[in-house]
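Colleague: Here is how the chains run, residue by residue.
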Amino acid sequence: MLLIAAINWHSFFFLLFALVTCGFALGVLFSSNIVRMAFYLTIALGTTSGLFILAGAHFVGAMQLMIYVGGTLVLLIFGVMLTAHEGAVLMKTRAGDWVVAVIAGGSLLALLISAAVSIPTWRSNEVTPADLTADDSHSTSSVGLALIGVRTDIATEKDATLRRGLSGYLLAFEIVSVHLLVVLVGAAYLARAKQRLATTGDV
Amino acid sequence: MIDLLTSPISVSHYMVVGALLFVTGVICMATKRNALGVLMGVELVLNGANINFVAFGSRYFRTESLGLDGQLIALFVIVLAAAEAAVALAIALNFYNSHATIDIDRADDLRG
Amino acid sequence: MAPQDSIPLLLGLAVLAPLASFTLIVLVGPKMGPAGRYAPYFAIGAILSAFVLSIASLVIWVGENPFPETPHEAAADDQHATAIPGPHRTGQVTDARLTGFAQPITSVSHEAPHDHDSHSKSSGDSKPVYAGEYNFPLTGQPWVLGQFGSLRLSISYYIDSLTISMFCMVTLIASCIHFYAVGYMQEELDDVTDHEVTLQDGSHLKRPGRFHRFFQYLSLFCFSMLGLVISGNVAMTFVFWELVGICSYFLIGFYVERHSASTAANKAFIVNRVGDFGMIIGLMALWGSLGTFQFGDIDVNQDGKAEAGLFTLVRPPEQGHQLVTPAGMVQAAATSEIRNIYHDHLYQPEGSTSARSEVEARTEQWRNGPEKYGYWLLVIAGVGIFCGCVGKSAQFPLHTWLPDAMEGPTPVSALVHSATMVAAGVFLVGRFFPVFAPEVLLVIAVAGTITLFMAATIAITATDIKRVLAYSTVSQLGYMMLALGAGGWLAGMMHLFTHAFFKSLLFLCSGSVIHAVHTNEMPQMGGLLKKMPWTGWTMLIGCMAIAGAGIPFVIGMSGYYSKDAILEQLLSFSKSQTDSKWTVLFFFAAAGGAAITAFYMFRLWFLTFLGTPRDADRYDHAHESPPVMYVPLVILAVFAIGVAWPIPGINLAALLEQSRPLGTNVDAHGELINTVWPAEHKSHADEIKTPATLIAFATALSGFLLASVMYWWKILNPDEVRRQFQSLYQFLIKKWWFDELYDFLWVRPSHLLAKFIAWLDTRCIDGLINGLANSVRRFCHHWNIWIDQWVVDGRIDSFARLVYRTALSLRSLQTGQLRQYVLFIVIATVALFILVSFFWNYTLAG
Amino acid sequence: MSEWINNLIPIAWEWPGFLLTAIIKAALLIHIPAVGALIFIWMERKISGRIQDRLGPTRVGGRFGWLQTLADGLKLVTKEDITPGKADVMLFRMAPYLSFAASFACLMALPVAAGWVAVRLNVAAFFLLAVLGLEVFGVILAGWASGSKWSLFGAMREAAQVVSYEVPIGLCVIVPVMICGTMDLVTIGDMQAGWFNNWLVLHDPFTFGIFWVYFTCATASVNRAPFDLAEAESELVAGFHTEYSGLRWSIFFMAEYGSMFIVSALAAILFFGGWHGPVPVTAIIHNMAIHSMGFEIGGTAPFWHFLANLLGCANLIFKATIGVTVMIWVRWTLPRLRIDQVITTCWKYCVPLSAFMFVGVLCWQTWWGLPSPNREIRGKIREGWVQQDESVPSGEVRADGSAAETQITYQAGTRNYEGSN
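Protein chains in written order, with the working numbering: chain R, 1 to 203; chain E, 1 to 112; chain Z, 1 to 846; chain H, 1 to 421.
The shape of chain R in the complex, shown without the other chains:
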């Protein structure tokens, strides 16, 4: 009971979500059934959005749910179903590949984790709830304003160069949207290129 009393609930929920995320990510890794992989991935990404919200990025979390889980993964599963037949559903990988991959990945993991814990200011959290302001969680409109080029969060920045340098994401936003359009058109074109060739072959 004393333990429960001492629990920092923020940490608790973080751990909950983190464990679910990592668990299902590993599930994606070790499952060999492509559809189950997709299912695990869904859950992993959904809980990731929980992690985002825990870090105060409500909007990003909602975006993660909406675009990633709601859009991308549905697309993915769609593709899975389009390409799923007996051979494709189960594709075994040779053990050798597994060994090599796990070794390489393990080394990378060790590297990254050592990097993550190597900086003391990253390891310790000295932020007290007092110096969190109400709108740190209400970041939606500041995100939106930043996307249209107004950085309200650094409007009060003392350093003028910093203010100037960090102004807005309008250009990036436009570029990304145009890029998105191009990609969608291109994807549609790619997906139907085959049939088109077939018809022309017939003619």
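These are calculated hints, taken from the structure and not from any lab test. Note that the Cβ used here is the ideal one computed from N, Cα and C, for glycine as well. Keep in mind that the hints are not guaranteed to be accurate.
Unchecked claim - Keeping only pairs whose Cα atoms sit at most 20 Å apart, straight-line, the calculated SDA-like set for lysine to any residue is: (1) R/Lys92 <-> E/Ala107; (2) H/Lys149 <-> R/Arg36; (3) H/Lys75 <-> H/Ala87; (4) H/Lys319 <-> H/Arg224; (5) R/Lys92 <-> Z/Gln817; (6) H/Lys46 <-> H/Leu70; (7) H/Lys86 <-> R/Ile175; (8) R/Lys92 <-> E/Thr101; (9) Z/Lys531 <-> Z/Ala549; (10) Z/Lys734 <-> Z/Arg213; (11) H/Lys86 <-> R/Ser31; (12) R/Lys92 <-> R/Trp9; (13) Z/Lys575 <-> Z/Ala591; (14) Z/Lys31 <-> Z/Val144; (15) H/Lys86 <-> R/Leu82; (16) Z/Lys531 <-> Z/Thr612; (17) Z/Lys372 <-> Z/Ser354; (18) Z/Lys372 <-> Z/Ala332; (19) Z/Lys305 <-> Z/Val144; (20) Z/Lys734 <-> Z/Lys714; (21) R/Lys92 <-> E/Ala100; (22) H/Lys149 <-> R/Val182; (23) H/Lys348 <-> R/Lys92; (24) H/Lys149 <-> H/Ala87; (25) Z/Lys372 <-> Z/His669; (26) R/Lys92 <-> Z/Gly816; (27) R/Lys92 <-> E/Asp105; (28) H/Lys46 <-> H/Val326; (29) H/Lys348 <-> R/Arg36; (30) R/Lys92 <-> Z/Leu818; (31) Z/Lys530 <-> Z/Pro613; (32) H/Lys348 <-> R/Trp9; (33) Z/Lys581 <-> Z/Trp645; (34) H/Lys348 <-> H/Ser164; (35) H/Lys25 <-> R/Gly144; (36) H/Lys348 <-> R/Leu184.
Stated by the list, open to error - Quick list of simulated restraints, FRET-style, between CB atoms: (37) E/Val87 <-> Z/Thr829: 20 to 30 Å; (38) E/Leu80 <-> R/Gly96: 47 to 57 Å; (39) R/Trp98 <-> Z/Leu802: 37 to 47 Å; (40) H/Thr344 <-> R/Ala110: 46 to 56 Å.
Since chain R is already given, all that's left is putting chains E, Z and H on it; use the hints.
Modeller: Okay, now just chains E, Z and H, sitting in the frame of chain R:
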């Protein structure tokens, strides 16, 4: 384990989770023979990166944080991931149409 | 909404409406029904709404500026009182102004005192300001396009009664012509077989109809013409000027497949460029020395202080609006002196300020000194602007494009080349009238005289009905220019309006005739009056109007008033000369021109409508045009009769008089020549008016009688006359050999020059280069053998071999296995990090 | 609420308070899909009966047969739970719970009255859409895991349809969000306080139009007829739930009716003033509460607030029920579309329409600045630029317009970031 529960969360925790997702994704890319599996690995990798961005952008862990940039970059990553998924899926379908399989080990026409 | 806000708004909308329809037709023209059948609805709607808006603004204006009542003035200078507000009505005038617009910024504010003192001692007539002249234009600058240093390009407007009446005239005529064109261009609706274009295989050209394109050009033209009229600064004027030119180019070349049409279009365009070159020089002179493009004063930054425009600079109010060389021009001319002054003050304390003050001090003496600093600059600017007008309104020596422009469809000829575009030149001269120095006026007068006489004589022998009208247009424009040059501002402007109406009427009638008989040649017409009564009678009205028919001192057609006003001004001009008596030629030329005008106009009418048909089958096929074509004729005929009637309430002369440039209604003397420009109001004295009116009437009557003797009663046989004056006839039929002259003067020499340069190119330059090349080639031929083999190939081959071996050894890396590539990346990343962390002693990712 | 509980329980810890609060709220919310489903299914039967000139259920539970659904539910519980041999067992079992969890999680962020919301998210509108989009996973996985051709077809259609319809529905929801400048559904609802002329659907012609687009897309996104391609019983036997039976099948239906209620309630909040009725009863009661009917009755204010919120809650549920009724009516009136027609409706009509309306609203508000009957929103404080004083419990914060002005202080731009750096 206990003090994990009691002490407040820091950036490192997020980075560890991110690293785990990242590596999982990488291994996924390296082991799955199904092109869509590889695609899922890519999504995992991107999410690992995103977690770091959001963690560094959050004001809950460090007094000097990236501020909004973290969230904004994360947003862009999500959107671009959607685009990338669309294209990759189209490519996969095309490959499936042409090679009648989704196994990327069979996609070695350009072998040296 | 105050009038000074509402009128610009209305007129601006009126300008934009045709632009809207143009855009619409350009975008979706071909979709508007088969062959754009419904395009005219948009064009006509636009121009009609523009007309309504113009009329509305005219009503507002008149309501704001009532005409001075002329009870005994009418008695003094008789019925056709081109009512000039006389000295004794200055009080009312001032009232009119005070009750008129509360102008923040015009010359009103500093002009009112002049009227008051002139009113007080209005008996004296040798005052610098002729009392009673007044204008208060609406000026404004809604939108600044750009400010480069002191060069400000802006959309600004300068609206006075001249502008508004131009708007009404242009939109009215354009509306009529739009309706007319709907009927005239019918055959463009379906595929057209152009019988004047013969392809290689001898067949005729077949092309789809261009109905909508015609109306889109008309809309564009109306837009640019209205914009030209409303524009408030020279730069904007120039832009719309060129727009008008390009519209004329399009419309002349409407039947682009015909060689004659395309060449005519090119000719018009190039000739206009020649004029515009002079205009650009004028603009540069004005801006470079005065630093502004604005006509009127504009309160740029709404602080109540008006920035002086060109007119104020050239005719400053404190000088009683008399022409003085602006300080800018003086100092621009006296740069060397100014440099010396600055050099003298260089080593004094406060040198620059004292130097500046001295320059200010000496400017006056430079200006009035014997060498008249800067005055030449003023003259050059004026002549340059006039060059543009010469090109645009086809004055001598650039008149040759207008007759060829008749290749365009007839509605175009009526709208563009008689009523409005060519009038734009005259309008610009009238607009710039205050800026013109007397010497420039003399130039204008001379050019106008030559043009009117020459064109009139050429028109005598022309047989193409449209060419006759074209030359008469040139000649009438010459009249206007002559009137302006002789200081008769009001006369010239009035003739501009009256001529617009009856000339468009005449052209439309001729178009209706051509539409009926499918030929332009008058010798193949005749006796058409029975076939097409509407056209015939309206055309007769037009002829009488242009001939200035009327009962002397009682009433007459519109031409009667304007032409008489011109003659009066010319007479008083020639009378008031002490020396330079030769200027009386102006008057004689004008009078003779009047006779010739009457002659050829009635010749045209008799040849066309009376007598026996000279071409039977054409006559049989002839028919009256549909109502959509002759109703506009009737409307225009009404205006051709009555537009200039001195009705007390609505009175063109008084309306125009309201916008007479300040200080131009007094005697002016040339600085460099000793010629006197009498004030225009002097031409209403009876000793001038009576003889002028009688002479005008006599000349017109003689011309009419001669024409009827030769072509109606057939007493004289034209062919005999032709045989007797064979040489003169040749001279005229060849149009004074102007085209040949220009061909000899400009075209041939340029061809020769081109040939010479071509020869230079082919012989000398190419020869030189070829020789060089040959020698180099021979040199290389010896050396390249072994250099190529040993040096180049040797190195390249060895390198290629090296690359090949490396590639062979590396190819095994490319397994085509995506998953292996991923592994490579991972391992490389790890290795990189580890290396970095070892060999740089930084913490990882620190 | 948790503070209140913590005050009740005499322990030093606060987590029991949170736990109790969570449990209570969940217990309240579960009624919407559970009891709501009962009522809505009964309504659907009666309405379809009337439309088809039948009586519908009449026997069970009195003359209106209003216990029919309960009886069916009992029957379904007792039925055998069949799992096909070729099914992917885990996914097959998981799928119904997944889609039910999605539609239940939506309710978490759905306010039912001023401040009566389980979790007050500042991105609630967006969150709702996102989680609603998750519901499709249940359907897709169910269809695939059944290992049956019909189910697979239904699932693929569902996938295509839902991915397509997320675009226009997002565009439609953006419009009220843009007008109010916030995604917080509570704020959006309260910005329409007062008489019905404050409802956003009457804000300007474009919002009026976009409401219909929204309703169409919502019908499609909860795959109700005429868009119920996933279960096209005329072509595919029963679509994605062909192989399901018993309890799992009924869970699918609870999820479907729950999400119908959710989209209708969202429509009510976004366009029809949420808990603010055509007549500002809530505001009146609140004014009573603020100065209790003119003379001070000690401490009755909380009661009045509660009453007001209760009425608002009833109001919202009523509006949402009307929306569900319309959906039922549409289902039994219109024939089902073909899949290509469904996709065409989305990409060729809904998306361009909603985009056009979006631009139109934008112009109406910002560029033309045209008037709109809603006096509340104009010049109102935008989310994030708002600093609301914490003294007032969130339930009472600006439950009517007047209170809002008093309790919100406008801080131009300086959104006290001084604390952060």
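Colleague: Please write out, lowest number first, the hints stated earlier that are contradicted by the structure.
Modeller: Violated hints (numbers, rising): 3, 7, 9, 10, 12, 14, 17, 20, 22, 23, 29, 32, 33, 35 and 38; every other hint is consistent with the structure.
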